[in-house]
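Engineer: Spelled out from the first residue to the last, the chains are:
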Amino acid sequence: MNNETFVHLEMHGSADEVKAFIEGFRLASGEQRVYSTVRENIKIDGFFGSLISKAHGSTHFVVPSDFSGQLGEAVEAVTLIDVRVESSRPIDHGELNFEFKCFSHSDGVAIREVVETELPEGVVLEGYETDETIDSDAEGAEMYSPVHEYVLIGRGQFHGPIEGIIAMGRRLDDQDFIHPGRIHLVYSH
Amino acid sequence: MALRQRGIIGVFLVVMTGLSMVSAVGAQQEHGSDPGVVAEAVTGHAHEVVGGHGGLDLGAVLPLWSIIPFVGILLSIAVFPLVAPHFWHKHFPKISALWAVVFAVPFLWTYGHQAMHEIMHIYVIDYIPFIILLWALFTVAGGIRIKGSLAGTPMVNTLLLLIGTVIASWVGTTGAAMLLIRPILRANARRAHKVHTVVFFIFLVANIGGSLTPLGDPPLFLGFLHGVPFFWTLSLIGPMSLVSGILLVTYFFLDIMYWRRETEAGRQIDQSEGRLGIEGLHNLLFLGGILGGVILSGTWQAGEVTIFGVHQHIQNLVRDGLLIIMGLLSMWTTKKQIREANGFSWFPILEVAYLFAGIFMTIIPALAILKAGEHGALAGLVRAVTEPWHFFWVAGALSSFLDNAPTYLTFLTTAEGMLFPGIPEPEVIHRIIAEHEIFLTAISTGAVFMGAMTYIGNAPNFMVKSIAEESGVEMPSFFGYLFRWSMLFLIPVFVLVSFLFY
Chain U
1 MNNETFVHLE
11 MHGSADEVKA
21 FIEGFRLASG
31 EQRVYSTVRE
41 NIKIDGFFGS
51 LISKAHGSTH
61 FVVPSDFSGQ
71 LGEAVEAVTL
81 IDVRVESSRP
91 IDHGELNFEF
101 KCFSHSDGVA
111 IREVVETELP
121 EGVVLEGYET
131 DETIDSDAEG
141 AEMYSPVHEY
151 VLIGRGQFHG
161 PIEGIIAMGR
171 RLDDQDFIHP
181 GRIHLVYSH
Chain L
1 MALRQRGIIG
11 VFLVVMTGLS
21 MVSAVGAQQE
31 HGSDPGVVAE
41 AVTGHAHEVV
51 GGHGGLDLGA
61 VLPLWSIIPF
71 VGILLSIAVF
81 PLVAPHFWHK
91 HFPKISALWA
101 VVFAVPFLWT
111 YGHQAMHEIM
121 HIYVIDYIPF
131 IILLWALFTV
141 AGGIRIKGSL
151 AGTPMVNTLL
161 LLIGTVIASW
171 VGTTGAAMLL
181 IRPILRANAR
191 RAHKVHTVVF
201 FIFLVANIGG
211 SLTPLGDPPL
221 FLGFLHGVPF
231 FWTLSLIGPM
241 SLVSGILLVT
251 YFFLDIMYWR
261 RETEAGRQID
271 QSEGRLGIEG
281 LHNLLFLGGI
291 LGGVILSGTW
301 QAGEVTIFGV
311 HQHIQNLVRD
321 GLLIIMGLLS
331 MWTTKKQIRE
341 ANGFSWFPIL
351 EVAYLFAGIF
361 MTIIPALAIL
371 KAGEHGALAG
381 LVRAVTEPWH
391 FFWVAGALSS
401 FLDNAPTYLT
411 FLTTAEGMLF
421 PGIPEPEVIH
431 RIIAEHEIFL
441 TAISTGAVFM
451 GAMTYIGNAP
461 NFMVKSIAEE
471 SGVEMPSFFG
481 YLFRWSMLFL
491 IPVFVLVSFL
501 FY
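Protein chains in written order, with our numbering: chain U, 1 to 189; chain L, 1 to 502.
Chain L with its partners taken away, still in its complex shape:
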């Protein structure tokens, strides 16, 4: 509880700092501070400083060092859990808030109302819908429980991984992982060899399976929020099926090999859990409601409203309202015992809320600079990453070690800046899909697939590791997972994907 309070205070601080700066900076602007002059002084070039809304083109004037807080928060998320887990566990909301403030204060001070607009824009358009979707999926999926005894045979294990891979796109990788990790651990409880099952579970259920809809993996939902049509992600079925198929077949034979090494006791089925069944099945209705709400927001045009100076589509607000209702209905109608048996708590979603509050604040300059393409401070990156396979591997490599949601957004923006500089979303997304679809495919698959490369690539990875360890599975270390498992089994498949598709 204390942690929650501290965390809430942290996020509150970020928001309040932003809001309180509005009046101060607004007053400063009225007294003659000219952001254009500041921009010229910083960058030395004045010719591209006028943006589409009559303000500055921030991407053209922001210096490269303005992305330091973004790099800082991503590195904090990657490094602290490994080197100082207890410190991180206690203080991550403050660290997130710190990076956010480090960026927000000078940004607001220098660019005033325009900065405030950018901040409000990313929170209203991206952050709030992003958190609402994850919360709703997490709440609904956490209300479904697979109970009963399962035999941990190669066939049953492979079938569970296949089911997890398929449903991950519809309940989210976090929801699918939460739903299936305990049943699969129970099924294999007596087996001596079960690490490979958890590792392939991370590969397939916690990552690759989520690539077919925006509900599946956070990067794809960010893409949806930026204008990628809901059903476009189904076009990823080619690479997704190839990767999943190869991994499932590989897993099946690997599990047969380990099964043969098991003792008689290891092969026995634990019958103590009773008959197989699903509890909380009515949550599927709420899942349908979430799906319907998201699809609705992508197909219905209901006009716009202005929130804190940011234009937001009414259909998006309706979607968010529907999602909240679905989550609340799930909370009210699901037995407490089901959630307890699932080990359900609000902590994972609070983590996402705190950390992404910082990520979305600090990502503003990175996105603006990348959107400016050749005119931004990251022109070198824009020039270097030009081919679809570049995007697949670079977005993927960074998604392996940094969270894949902001990485996806960064490279989506890079592609926008490279292919159609100056064209606003969602028009630019439609043009990319129409004329250069392969780039979007490469970024999407790179970010989603390679989130499986390390424990820190995608949010559910650590959760699965943690649950498995507490259930008596000795999981590999960070580098053990990377070198003994993901590099061995994933990289060859990704090379194949790269050759075949990009």
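In isolation and in its complexed conformation, chain U is listed as follows:
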């Protein structure tokens, strides 16, 4: 990953046509880094904003700025379907909050490895807090007073290039007991 600029691309038109157009253009250009905001759980306008945006016929993507530029030119030449670029906003960085709670040491080790090691280039972990509790009184199974012998809870925020944040979002999604929030886009001024 490098420091290439990404943009938040808002496309107007039928969602299926927009997606088909983007997919075709992506395949033709060989660009792999086209991210759907829905699939990557990227927050756009909040709940009501998303509804309004959808009603307005908008579909959102995060793409490299070069790709966005080429796409904008190509859209101008499209005549068979009604799609257009509504807006293209440069992204400065992304933010991703997460929290976790697990009940075994092995899960704790796995979660820590996911969260703390081999972060994508430029991604930093901020406000990271963990609390590990070992309660020997709670060893074994209980029926009416279920507490766990081992509990690890934690929370934090990843901050960095949007591509790295998207990669972290996918990584956290694959891990049980970690609950990532939605990715926030912070735009360049």
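Heads up, some of the hints might be wrong.
Computed Cβ-Cβ distance ranges for the label pairs, DEER-style [unchecked claim]:
1) 112/U x 265/L: 20 to 28 Å
2) 383/L x 106/U: 55 to 63 Å
3) 56/U x 383/L: 53 to 61 Å
4) 346/L x 47/U: 48 to 56 Å
5) 63/L x 105/U: 29 to 37 Å
If you're looking for bench data, these hints aren't it; they were derived computationally from the structure.
Since we're looking at a predicted model, the values are computed, not measured.
Backbone N, C-alpha and C fix where the C-beta goes; we use that ideal spot for every residue, glycine too.
Please build the complex by placing chain L on the supplied structure of chain U, with the hints as guidance.
Structural biologist: Quick look at chain L alone, frame taken from chain U:
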């Protein structure tokens, strides 16, 4: 260990408080305190205050607020584990003892010897046999272990759930859950999608499967202790088979759907556990001994003895003795490693012992009032719950959120009070079975089936959740389980049962 000591002290306090009140209250009665006068003052009606044994008909004179400790202890069990789990884990014996004392002290103070008799009656007839049975089943089932590698395919998973559903009636839902939850978790360890398997395990093995014998689920054993014949519960096979069949088929197709989403790694079998086998199989003999002991107590008439002024059948004492022997034999003959591999500890049975010591104390006024039927302070409830489907849904709904054993007993007593007020057990049970069997069926299925609705409905539910979480399965929250799983999959089946059977 400290917790155990504190808990034992808690229960000890309850018992000692009760016993110490006997002499004090006895002395007070001798000095002219008349419980009948007290009863009249409290309720304002004197015409039904004479009970069958020449004492007060407590159900007719006890005020409604006397059931507050019963409601309190049930709500404590339901709410504390969710909102303050660590506080509850450390202090539940004291809280149980507190509710018991809150009821016992004024009850003994007001009704003296009769109150003492009621307390002794419920402990001798219900509590002690109840704990002995659960302890024996728990000990014996905890000595059997399924070892080896299993493939977590839809077919194998469904088969394990079917086996669990079938054996739950014979080893108890807690025993079946303890026996099978780890094998099924091991079989699915590599799979990404396994929450649905644990949820259906709770539905079937930890609850619905236990509906065919009094050994299966605590409510049914309480029914047995109150006179329901051992083999009567086999008549629940109709609704039980329908519910289990629908859920097993549903699970099978659901698991096929999730299986298709698994990666290659998720479908691989973990061979590290070696060949499939069963350890501690000799415990089946002890299980047979438990079964024989319970059946014996329901068929043999050996006379009575009096314990603390309470008439107890000799066959029941023989049964309890047999059960204790079976449990001890299991302890002595089972390798320690088997129990360790099962994650066996005495804590779950201690929890039951502490909490039910409080429940059985505080349930006394509720049962007495309900038994009085139209003459008791809960006459409104007795009048409102009149049809079999009412009993199915109300007993079931309450069993979803409160423990299903006391709920079953409460509604069994409601039915007794409604259908045959004033007739003592077990005659009233025999008449209900002969003339209004559908009511008993509705109460039994409602209490057992709907114990699966929430984590707090039946004792093994939380245990399964806890073991699954510690094995890396991210289980749904309390409301996640309720709204995303049990309401979606169980309620439609229960509606069908209600239409077809009640």
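Engineer: If you test the structure against every hint from before, which numbers come out violated?
Structural biologist: 5
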